[in-house]
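Asks: The residues making up each chain are set out below.
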Amino acid sequence: MTHTMLTIRDLHASYGAITALHGISLDVNEGELVALLGSNGAGKSTTLKSICGVLRPVYGSVVFLDEQIANKTPESILKRGISLVPEGRDIFTSLTVAENMRLGAFVSYNRKRYQEDLEEMFGLFPILKERLHQPGGLLSGGEQQQLAIARALMSHPKLLILDEPSLGLSPALVDQIFELIVRLRERGMTILLVEQNAERALRVADRAYVLNTGVMEFSGTPEELENELDIASVYFGGGEGNKEVTL
Amino acid sequence: MSGVQMILGRIKAQAVAWILAAALLLVAIVMNLFASGVLIDIYTYFCLNLLLVLGLQMFMGNSGILNWTYVGFVGIGAYASSILSTAPAVKDMGVPNMYPALVALQLPILPALLVGGLVAALVAAIIAWPLMRLSNAVGVITLFATLIVMHVILTQWDNVTNGPRTFFGVQYYTTMWIAAGAAAAVLLMALWFKESSLGLRLRASRDDRHAAKAVGINVVAVRYFSFVTSSFIGGLGGGLWAHYITSFSPKSFYMGEAFLLITMLVIGGAGSISGATLGAAIVTIMRELLRQLEGYLNNSGVIAFDVYGLTEVAVALLMITILIWRPGGIVGGQELSWPLWRRRDNSAEGE
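Protein chains in written order, with the working numbering: chain A, 1 to 247; chain B, 1 to 351.
Errors might be hidden in some of the hints.
As the list claims (entries may be wrong) - Listed below are several chain B residues computed to face chain A (Cβ distance under 10 Å; list not exhaustive):
(1) Arg201
(2) Arg203
(3) Asp207
(4) Ala212
(5) Ala214
(6) Ile217
Unchecked claim - Keeping only pairs whose Cα atoms sit at most 30 Å apart, straight-line, the calculated DSS-like set for lysine-lysine is:
(7) B:Lys213 x A:Lys72
(8) A:Lys79 x A:Lys158
(9) A:Lys129 x A:Lys79
(10) A:Lys79 x B:Lys213
(11) A:Lys72 x A:Lys129
(12) A:Lys158 x A:Lys129
(13) A:Lys112 x A:Lys79
(14) A:Lys129 x B:Lys213
(15) A:Lys158 x B:Lys213
(16) B:Lys213 x A:Lys112
(17) A:Lys72 x A:Lys158
(18) A:Lys112 x A:Lys129
Stated by the list, open to error - Sample of chain A residues with no beta-carbon within 10 Å of chain B, all distances over it, derived:
(19) Asn40
(20) Ile69
(21) Gly142
These aren't lab readings, by the way, just hints derived from the structure by calculation. We put the beta carbon where it would ideally sit given N, CA and C, even for glycine.
Starting from the given sequences, assemble the full structure and let the hints guide the process.
Replies: Next comes the structure, spelled out in structure tokens:
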């Protein structure tokens, strides 16, 4: 079962003179839900950008399915099976829901499989079926987030990366999104989840990593993280009053 | 179930274009049976305008980039096809400085029209790549400057175009039937293009360039191929127009015409085929009515001075009004849908 899907070793990344990642390492095994946690500026987004090929790492390796992808283009990484749901629900607002889904599938378009995939997505996201011919911009925030995830799934990713999926959603919708993440994981999807909502993320994750100012401070199961309470209090509770974690 | 819905949705999306295309031909039949020569002329002119606007819509409507150069490609198509279809003796007389090789060259009209479109597409293919990398104001200004360059070449290259003087002696070929048939065909093509994979990716890049890149779309390449396709239609339309009007000069392919075509598109709604059609109809009708009014005013002496340019002023005012009240155009970005289907949509939402 524990075939390694994504392996990051000693990854250094920088924006010009500012170094954002000081040699981090991270593993995602097949079928796992891995949470990547950390406060603002910890380097979470930089890590994702390096995986997806948007940012070229200075040093280190990113291996996906036994292949080095650190210097590949974003399109070719997408084709290899890594699909990112970006922060802030980047859907196409003037295109219909159906067209948004078709765009997700277009890296490997096949009409018959597209129809089957669409059916499958309607099973996961019934609301999208009702809204199929409406412009994406008319959907509510939660529906747009569902559409963004559905669009990413249409490309048949082997690894799904969710960047802050709960950002800006009401508590009830956050519940919905996390239920969905659990369901996807149960269906065997490998997921790398980046969240500031650490409490929620730890409740569903198999393993967790904690980033702080470009250094990996912790890696292990949620229970292990719970036992190292001082780490949790330093990085989730300390200084940021609104992010209280009761572990 | 949803497979059926998909198909229904597809038919619904295409129904408008089929209805419009059938209506174009139907009006042509009615005109042929009952109408006078003037009306037939106006209708032919409308069909040619519609064809040109639809070609413009292919790129501009789906990419959101204001395409000033389009009318230049219409001119290239008009000149290329006319040079090819006109008899050597006529060219010898009409364009004294023309290169001998060009004078000798003659093709039947249909291949000449096709080559006209291809020459326009070829020129577009050569110049478009750097242009398509630009967006927003920078892109618009660059395209505008490109139109000026094209105009200067058309007016100065008198070995080919007869310079700023009129190019005359082109055969009359584009009857109302041909214009209406071609417009109907381009209408269906424009819809097919909009719904095609290329058109969809182009619309995605219009919506959000960065998100489009994130789902793996090569924005520059998508824009490039669409621009070339649109220029091909423009060149073809230019050829048909030239073989209707039979004599023309470079000023027919400059700011005035570009503005008129862009207005037609913007008034109706650049994002949709129905909008482009409605805009072309409104501007053509306005133009004819105002021209009649102008003639009446000037001949009857109701006003002490002569009136000129009523059309331009009225069309510009209409454009300003529309942009203020309905920035998306009268129809907006979505195609008009049949009332019956709209009702069914609403009931589905209620569930």
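Asks: Hint by hint, say whether it matches the structure.
Replies: Status of the hints after comparison with the structure:
The interface hint given for B:Arg201 is met, as the beta carbon of that residue sits about 7 Å from the closest beta carbon of chain A, less than 10 Å. For B:Arg203, the interface hint holds, the least distance from its beta-carbon to any beta-carbon of chain A being 6 Å, beneath 10 Å. Taken as an interface hint, B:Asp207 checks out: its beta carbon lies about 4 Å from the nearest beta carbon of chain A, inside 10 Å. A cut of 10 Å between beta carbons decides the hint on B:Ala212: the least distance to chain A is about 8 Å, and the hint holds.
Restraint check, B:Ala214 versus chain A: the minimum CB separation of about 6 Å is within 10 Å; hint holds. Hint on B:Ile217 holds. Least Cβ distance to chain A is approximately 8 Å, under the 10 Å limit. At most 30 Å may separate the alpha-carbon atoms for a hinted pair to count; B:Lys213 and A:Lys72 meet this at roughly 15 Å. For the hint linking A:Lys79 to A:Lys158, the alpha-carbon distance of about 10 Å falls within 30 Å, and the restraint holds.
Taking the CA atoms of A:Lys129 and A:Lys79, the gap is near 26 Å; set against the 30 Å cutoff, the hint holds. Restraint check for A:Lys79 and B:Lys213: satisfied, since their Cα atoms lie roughly 13 Å apart, inside the 30 Å limit. For the given pair, A:Lys72 sits about 35 Å from A:Lys129 by alpha-carbon distance, which is inconsistent with the 30 Å threshold. For a cut-off of 30 Å, the pair hint linking A:Lys158 to A:Lys129 stands: about 24 Å separates their Cα positions.
At most 30 Å may separate the alpha-carbon atoms for a hinted pair to count; A:Lys112 and A:Lys79 meet this at roughly 19 Å. At roughly 26 Å between alpha-carbon atoms, A:Lys129 and B:Lys213 fall within 30 Å of each other, so this suggested pair holds. Pair hint A:Lys158 plus B:Lys213 holds up; C-alpha atoms about 20 Å apart against a cutoff of 30 Å. For the hint pairing B:Lys213 with A:Lys112, the CA-to-CA distance comes to about 25 Å; that is within 30 Å, so the pair holds.
Taking the CA atoms of A:Lys72 and A:Lys158, the gap is about 17 Å. The hint holds against a cut of 30 Å. Straight-line distance between C-alpha atoms of A:Lys112 and A:Lys129 comes to about 18 Å, which keeps the hinted pair within the 30 Å bound. Its beta-carbon lying about 21 Å from the closest one in chain B, A:Asn40 satisfies the requirement of being farther than 10 Å from that chain. With a least beta-carbon separation of about 15 Å from chain B, A:Ile69 lies farther than 10 Å from that chain, consistent with its non-interface assignment.
Even its closest Cβ contact with chain B, about 17 Å, leaves A:Gly142 beyond 10 Å, as expected for a residue assigned away from the interface.
Against the hints set out earlier in the document, a violation occurs for number 11 only.
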